[in-house]
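Student: Chain by chain, the residues run as shown.
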Amino acid sequence: MHEFLLIDWVLTTALVWLLIGLIGVVFQHNFTLISRVLFPLGAVCGLALAGLALSGIDGSPQVLVLPIGLPDLPFHLRLDALSSFFLLLLGATAAGISIYAAGYIRKGEGTAPGLQCLLYHLFLTSMAFVLLADDGYAFMVAWETMALSSFFLVTSEHRHDEIRRAGYLYLLVAHVGAVGILLSFGVMAGSAGDYTFDAMRDFPTLGIWPTIAFLLALFGFGAKAGLLPLHVWLPEAHPAAPSPVSAMMSGVMLKTAIYGLLRVSFDLLHAQLWWWGALLLLLGLASAIFGAIFSTVQTDMKRLLAYSSIENIGLIFVGFGLTLIFQSFAMPQLAALALVATLYHCLNHAFFKSLLFLCTGSVLHATRERNLGKLGGLIHRMPWVTWLALVGVLASAGLPPLNGFVSEWLLLQSFLFTSGLPQGYLNMLLPLVAGAIALIAALAGFAMVKFFGVVFLGQPREEKLAQAHDAGRLERIGLLWLAAGCLLLGLLPNVVITLLDPVTRQLVGSGLSFAASSHGWWLLAPISEDRASYSPAIFLGSIVVLMPLVYWVVNRRFRRRLKRVPPWDCGFPLQTSRMQDTAEGFGQPIRRIFSPFFKRTREHPSPFDTQPRYRSLVEDPFWYWLYLPIARIVGYGTRIIAFLQQGRIAIYLLYSFVTLIALLVWTRG
Amino acid sequence: MSPSLIHAIPLSGQVINLCAAIMLLLGFAMLSQRRVLTLINLFMLQGLVLFVSTLIVALTTDQSHLLWSAGLTLILKVFALPYILHRLIRRLSVKWDIETLLNIPTIMLIGIALVVIAFNVAQPISQLSGTITRATIGIALACVLLAFLMMITRSKAVPQVIAFLAMENALFFAATSATYGMPMVVELGIALDVMVGMVILGVFFFQIREQFDSLDIRHMERMKDE
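Residue numbers (our numbering), protein chains in the order written: chain A, 101 to 769; chain B, 199 to 424.
These are calculated hints, taken from the structure and not from any lab test.
Please note that a few of the clues may not be correct.
Stated by the list, open to error - Computed, partial: chain B to chain A, Cβ under 10 angstroms:
1. Val319
2. Leu339
3. Val342
What the hints assert, rightly or not - Computed far set for chain B versus chain A, every beta-carbon distance over 12 angstroms:
4. Gly211
5. Leu272
6. Tyr378
7. Val384
Claimed, not checked - So the derived label-pair ranges between C-beta atoms look like this:
8. B:Asp411 to A:Glu719: 50 to 56 angstroms
9. B:Ile273 to A:Phe743: 42 to 48 angstroms
10. A:Thr767 to B:Gln212: 27 to 33 angstroms
11. B:Ala311 to A:Leu726: 47 to 53 angstroms
12. A:Ile730 to B:Arg289: 52 to 58 angstroms
13. B:Val394 to A:Leu717: 57 to 63 angstroms
14. B:Thr236 to A:Gly286: 52 to 58 angstroms
Backbone N, C-alpha and C define an ideal beta-carbon position, used for all residues, glycine too.
Please construct the entire structure, taking both the sequences and the accompanying hints into account.
Tutor: As structure tokens, this is what we get:
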């Protein structure tokens, strides 16, 4: 009996999740047990996992061989700094989402609660296994379990046609991507056929094969992360899923893809080529711009957030690409800076995007409405959700002193050093990328203003919104936890960067801990103090001081003089809530400016129409450029193949007969 | 043929060769037979020949498990299956059914071509094999292919099943002649498979007839997914 190591504890926690799920399905008629005991227990497990992973980050790598799976093919597990960091992300986010889900889950909505409990916890367990896996086989099993369990969660309300279609699209892309990953592992395993990551680390770095392995992995993990042009499933699947599942998928599952690609490109393949980084950078930038622009014109609040996820994943990939570029030119210090920005943004996005998705869940339950055009004024009915959503919105828009700002700032900081690169083209082009990132941040801010303003501010656009109720107690705890995470991650960047140090040391061989620690906890200066520094505490302090001051001054100066009189109507004798700026109206300038990006169909009513209807549909052009042609080719191919299916038994027998004869003759010759 | 060459083959070997020749002949006979009833009788005869050849191989080589195989063949293929088939066609009232086979001479010609191919293909196997029955591997393979061809050319359900069973016979014969039969477990398994398959197909016949008022499987073409 060996000593009970940290990895055993992590494994136990993951298995407890599975156990919770199984208990849920066994006692599926006991709704109180599921919602009041099992889901909160899952949240406690998440906390435990986060705590364990926290202590695992600066520990030495631990390995474990599980005697399950096929004969002679056991599961290899490994806990190192990289996987610990992502386990921390998983555990901390899952804690918030699980406790929220305990309050959110309802009887009679889609899949039965017991089954949902099983699928949800299976999803969590499989993600933990993806992060722990140390051989291609265990990784693929966990990866596919993750895809399947989330597929069933997405199609929870499978009675709707569009949800089934979204689920199908998701499953399709997930499987095509999984094939890419599998092939990549196959290339790295080489002819030896040993699929442990240890064997893959010995993969020779010469020739074209590492590039092929990297590109296949990029394709596979990019499909899961929602990188352009494999993003199409994301805006379909996220709105279709129940909100805690959307939060889980967007917050954590997308990050497992980042984890996988980090694992492949830094841990398994040693030598990186600079153009891999440039490719990642370009794809990430394209995704980020695309996601940011599309999120501004959405009219469905969950679709808006889904496009925003594409944007954030794009930013993460930009940082990733930059890390690869620095690393390939042997600049470990700068690579560490870019990697810190990347990982930091992963963590931030997990927190704020989960928070926002959960807020939409509360809105959805309170109003049964996802369409932005039918919401509004919820701040009076749902103060808790509104204020917590505000935290998420500010973080997502990248405003200090919240967490989104820190990582985006670090990313831009790392761009300032690209002029030292010994590559002429990169030197010229990378500043442009930095400019584009500033544009993306602005667009993200715009989308977030739209989201928050249209949903929570103004007046209710529908009668029924008057009946909206605030989130329940458990839901509030979940939201509070995530909002607190957003705030703390923003206020204590030095703590986080010190925490990330072993991860960057493992991957790029350098760290930023000295920069984090050399100026005290309150000042962050990633490279040197006189270049750039950021102190969230001072920022928060000035906000706390200035805001009341301004309020007081304004109040004192204008309050007494302000007189409420019936206004001159400005030609609007009757003013209804319908006259507020709508989601479409708010997004109109962006739609105009970036019109080449969209495929747009509009129906305008004629002036004499007695039942006027206005319809405006903004579609993803990738459908028409890429997916529909592929679908047509596949359809054409299958029609040719379908010719084989004649429906006559004699013909089918003839096929086997001819094959038999051919094989016999072939073996003879 | 010189007398010395005839003496080179022992009597048991000659009998086995005779059996093989009869097997092949029966294969052709079944291929060209229109009557269902006669087809069953031919099948029974094939089973009998198989039994005889297996018995001789068992006795000459002292392979005790082949004795069991031979007994199993006798019970199953000479008595049980023909009996079931007889009952079946009586119950289905297709006893005097005649199937219209198109162009028997062409089918026979294709059959001959198959025999040539089978002999050609089996040659290297016969050289590798050290059994006394190795000369018959080609014939066994030819029987398999002929039965397969029969399955393709038939459009009624019962003859197709008989073709399937004939193929199983031929495979058994091939196994005996190439390696003195398969291990006992495998053979028992196959025998059970044949029984179970027969029962299922019997049920299936009734279902087909209920559905289409005929046993002609061409009716099943419209079940194809459009």
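Student: Could you check the structure against the hints above and give me the numbers of any it violates, in ascending order?
Tutor: none
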